[in-house]
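Engineer: Next come the chains, spelled out residue by residue.
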Amino acid sequence: MPVLMVHDLVKKFGTMTAVDHVDFTLNPGEILGLIGQNGAGKTTTFRMILNFIEPDQGQIRWQGQPFTQAQYNQLGYLPEERGLFPKMTVMDQISYFAELRGMKRATIRAEVPRWLDRFAVKAKPTDKIRDLSKGNAQKIQLIATLIHHPKLIILDEPFSGLDPVNVSLLREGMLDMKREGAAIIYSDHNMTNVEQVSDQLVMLRQGEMVLNGTVDQVRQQFGRIKVYVETTLPQEQLAAIPGVVRITPRRHDLELTLADEAVGREVFKLVTAQGYLPEFSQQPPTLEEIFKLKAGADHE
Amino acid sequence: MSKFRIVFRQVYLKNLKSGTYIWMVLAPLVFLLIGGVITIGIVKTQQPVNVALVTPQAELAPLVASLPKKNDAYQRATKITTEAQAKQALSRSKLDGYAVLTSQNNQMKVSYVSRASGQGLPFSTLDAQFNQLSLQYQAERLQLSGAALQTLLAPIKTTQTTVAFNDQGKAEKRDNNQQVVNTIVATAVSVLMMMFIMMYAGMIASEVAAEKGTRIMEIVLSSINVNTQFIGKIVAILALIMTQLGVYVVLGLVGKPLVTHYLFQAFPAVKSMLSNFKLPGLAAGQLVLTGLFLIVGIMTYTVLAAMLGSLVSTVEQAQQAITPLSMVAVLAYILGIMAGNGVNNPLIKVTAFVPLLSPILAPARVSAEAMSVSAGWLSLLISVVVLVLLYYVSLIFYRANVLVYSDSNLWQSWRASWRILTNRQRQSRP
Ligand SMILES: Nc1ncnc2c1ncn2[C@@H]1O[C@H](COP(=O)(O)OP(=O)(O)OP(=O)(O)O)[C@@H](O)[C@H]1O
Ligand SMILES: [Mg+2]
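Chains as they are written, first to last, in the working numbering: chain A, 1 to 300; chain B, 1 to 430.
Treat the hints as calculated values from the structure; they're not laboratory data.
Note that CB positions come from ideal geometry on N, CA and C, so glycine has one too.
Warning: the hint list may mix true and false statements.
[As the list claims (entries may be wrong)] The list that follows gives simulated cross-link-like pairs (lysine-lysine, DSBU-like), each with its CA atoms no further than 30 Å apart:
1. A:K87 / B:K14
2. A:K292 / A:K226
3. B:K14 / A:K134
4. A:K87 / B:K87
5. A:K104 / A:K122
6. B:K87 / B:K69
7. A:K124 / B:K17
8. B:K17 / A:K128
9. B:K14 / A:K104
[What the hints assert, rightly or not] Covered by chain B, per the in silico footprint, the following chain A stretches (three or more residues, Cβ under 8 Å):
10. 48-54
11. 90-101
This is chain A alone, in the form it adopts within the complex (with noise of 0.2 Å):
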C-alpha cells in the first residue's frame, strides 16, 4: 500500500492558484523529488499533505487513510525556513523535538552522539545552539527529522545552503532511510541531485505538473533529441539539416538539439561522409535540460 496518496489536488490564493491539480503516489522504500522554481507550489502542496492548510479540491491519502493524529509519531519534516531554540543546547533541542515523536528520553540520549557522527556534526551534545555554524545547525535539524525513523519524511529543500561534503552526506542519508523502507519527498530548485537519489520526480511550473514518472521515463518521455558530434564539418552544413533545432559548440565537440529522435540517422550519414570522426553520440536530454526546457517553455 502506498504510503502516501495525493490525488487531484488543487489550492488557490484568491485568484492565483497556487498548486493545479497535482498527483502522485509514494510506495515505502521510494524517493521523490518534487522540483520547480521559486513560487512553483513545492512548499504549499506540503503544507496540504501535512494537514497544515486545506486544499480546495482532491485528496490526500496516508496508507489509505486520511490524516489522523496517529500518524504523527511516523512522520518526518524539515520546514524550508530552518529553525531552532538559539538558547537550547544541542541534545535539548533534539530531545524535544524526538520526544514530540513520541520517542523516550533515554533512547533519545543513547543515540544522538551516532547521529552527530553520522552527519559528521562539529558539535558536541551540550553546545548550545547559537554556537553553531549554519551548516551544522542545519545538520542539527535534519537529525531532529530523522531520529525517531519515520515511515515518511518530508523535506522541504534540504539540499540548500549545504557544501558538496554535506549534500554526498544528506544523499547518504537519504538513500540510509530509503534502505529502511521510509517513504521520502523532497524538494530542490533543480535537478542536480534527482538523477543520484530519486526513484520519481514531479516538476510543478506554476503549480501545474509538467513531470511526473521515474527519472528514466522522464527522460526517455523526450527521446534521443540530444547528439555530440566531433567534426571539422563547418556548423552551417549542420544546421542546413531539417530538424536541427539549435547548435550549441562546446569545448572539443558541438551539441546538436533536434526537434526529433530520427533527425540523428540524417546528422549521422553526413558527419561520417568522410569516414572516421572521433565521436558521435545520441542521447536523451539531461534532467537539468529537461528542467531548463520545462522551466522556460510557454504556458500552454
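With chain A fixed as given, assemble chain B with the ligands onto it according to the hints.
Structural biologist: Then chain B with the ligands, alone, in the frame of chain A:
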C-alpha cells in the same frame, strides 16, 4: 509521556529558569525587604532622648522625683540629682539635655540646657509635665480641696473617630491612619497585579512569536495537534503562576513566626506600630479572593496575549502585538490607584465588574474597603465565565494564525487571519 506534558514541561521549565520569571517572583519580596529595612532603620535610630531633671531646692525634690521616669518622649537619668552632675554627664554625652526646676516667690521656673550635638529635647512634653507640676504645687500651697484640685487638673477631653462601612452597612471605627494603610494596600495590589499581568502576557506572547519566528512552530505542529499545543502552553503559564503564589505562601508561613519571634522581640516599636493598623487586604478571605483574581486575571490576559503573539512573525514584534492589552491593563491600574485613594464614583463601581479591568480593580476596591467581599466574589465569577469564552476564541484565532507569515502590519495580519477563519468555516459547511 503524553504530548501535552512534553509541551507543558518545556514551556514551564524554560520560563522557570528564565531571569524574567525569577525577578518577577523576587521583586515583591525585595520591595518588602527594602521597606522592612527602612522601617527598622527608622525605629532603630529613634533612641530615647536622655534627660536629667534636677532641682537645687530640697522642697522641690519630691515633686521632681514624682515625674515619670520614662515615657514615649524621653528617658530620665534618675541617678543625676544635681545640676553639677548633670553638667558633667552632658559634657560626656551621657545626656542630651537637662532641666533645672527652681521656685522664687512661689513662682516656678524651669531652665533647659541641651547639647547641640544631641537629640532635641521634647519640650512640649516636658513643658506640659512641668505645668502640671506647677499647678499641683500651687494648689497645695493654696490648700485647695482634693476635688477642686482634680477639677483644676483635669485636661480637656478630645476624641477622634473615622468610620468605614462594612458589608452590612454598619459603621466600623477606624482611625485616620487606617485610611492611609488602605490606600497603600490597594496601591500595592494594583501595582503588583499590573506588573504580574504584563510580565506573564509578555512571556506567552514572546513564547508564541519566537516559535513562529524560528519556524519551530511548523515542526511542532507536524508533531502534535494545535489544540494540544495551545492548552499545553496555557496550563504551563498557569503552573508558573501557581508556583509563584506557592513561593509566597511558603515564605509567608515560614516568615510569620520569624517576624513575630525575632523581629518583634528585637524591635518592639515595629510591633506596636503594626498593631495600630488592621491590614484589610491581609484578612484571610480577602487574601484568597485577591489570589484567585490574580490567577484569573493573569490567565485572561495570557490567553489574549497568546492570540496576539500568534499574529506576528518575530519576537521583536511580540511586545508591539500586546500593546492594546497593555493599554487596558494600564487603564485598570490607573482606576485601581484611584479606587485605592477612595475615589468612589459610579464609573469605578461598574468597572470593578468588567473583565480585564476587574482583576486589578476589584481586589483594590476590596482592599480599600470600598467594595464588599461578596461583591468581589460575584465579579470573580463574571471574570471566570469570560475567561472560558476568551480561551475558545483565542484558540480559534491561534489555530488560524500560527502558520501565516506576513510582513504586513498587525491590522492587516488580523484581517488576513479573519479571512482564513471565515473561509474555513464556509468550507467546513456541506
Ligand atoms: N499563505 C499564502 N497566501 C497567499 N499566497 C501564498 C501563500 N502561500 C503561498 N502563496 C503563493 O503560492 C505560490 C506558491 O508558493 P510556494 O511557497 O508553494 O512555492 P515554492 O515552490 O515552495 O517556492 P520556493 O522555491 O520559493 O520555496 C507563490 O506564488 C506564493 O506567493
Ligand atoms: Mg518553498
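Engineer: Now tell me if each hint is right for this structure.
Structural biologist: Results of checking the hints against the structure:
1. For a cut-off of 30 Å, the pair hint linking A:K87 to B:K14 stands: about 10 Å separates their Cα positions.
2. Distance hint between A:K292 and A:K226 is fulfilled; the C-alpha atoms sit about 14 Å from each other, no more than 30 Å.
3. For the suggested pair B:K14 and A:K134, the alpha carbons sit about 24 Å apart, so the restraint of at most 30 Å is met.
4. Taking the CA atoms of A:K87 and B:K87, the gap is near 72 Å; set against the 30 Å cutoff, the hint is violated.
5. The hinted pair formed by A:K104 and A:K122 meets the criterion: a straight-line CA distance of about 25 Å does not exceed 30 Å.
6. At roughly 19 Å between alpha-carbon atoms, B:K87 and B:K69 fall within 30 Å of each other, so this suggested pair holds.
7. Under the criterion of a C-alpha separation no larger than 30 Å, the hint pairing A:K124 with B:K17 is consistent with the structure, at around 22 Å.
8. Taking the CA atoms of B:K17 and A:K128, the gap is about 16 Å. The hint holds against a cut of 30 Å.
9. For the hint pairing B:K14 with A:K104, the CA-to-CA distance comes to about 20 Å; that is within 30 Å, so the pair holds.
10. With a cut-off of 8 Å between beta carbons, the segment 48-54 of chain A has 4 residues touching chain B; three or more are needed, and the interface restraint holds.
11. Coverage of the segment 90-101 of chain A by chain B holds. Counting CB-CB distances below 8 Å, 5 residues qualify, and the rule asks for three or more.
When the structure is compared with the earlier hints, a violation turns up for hint 4 alone.
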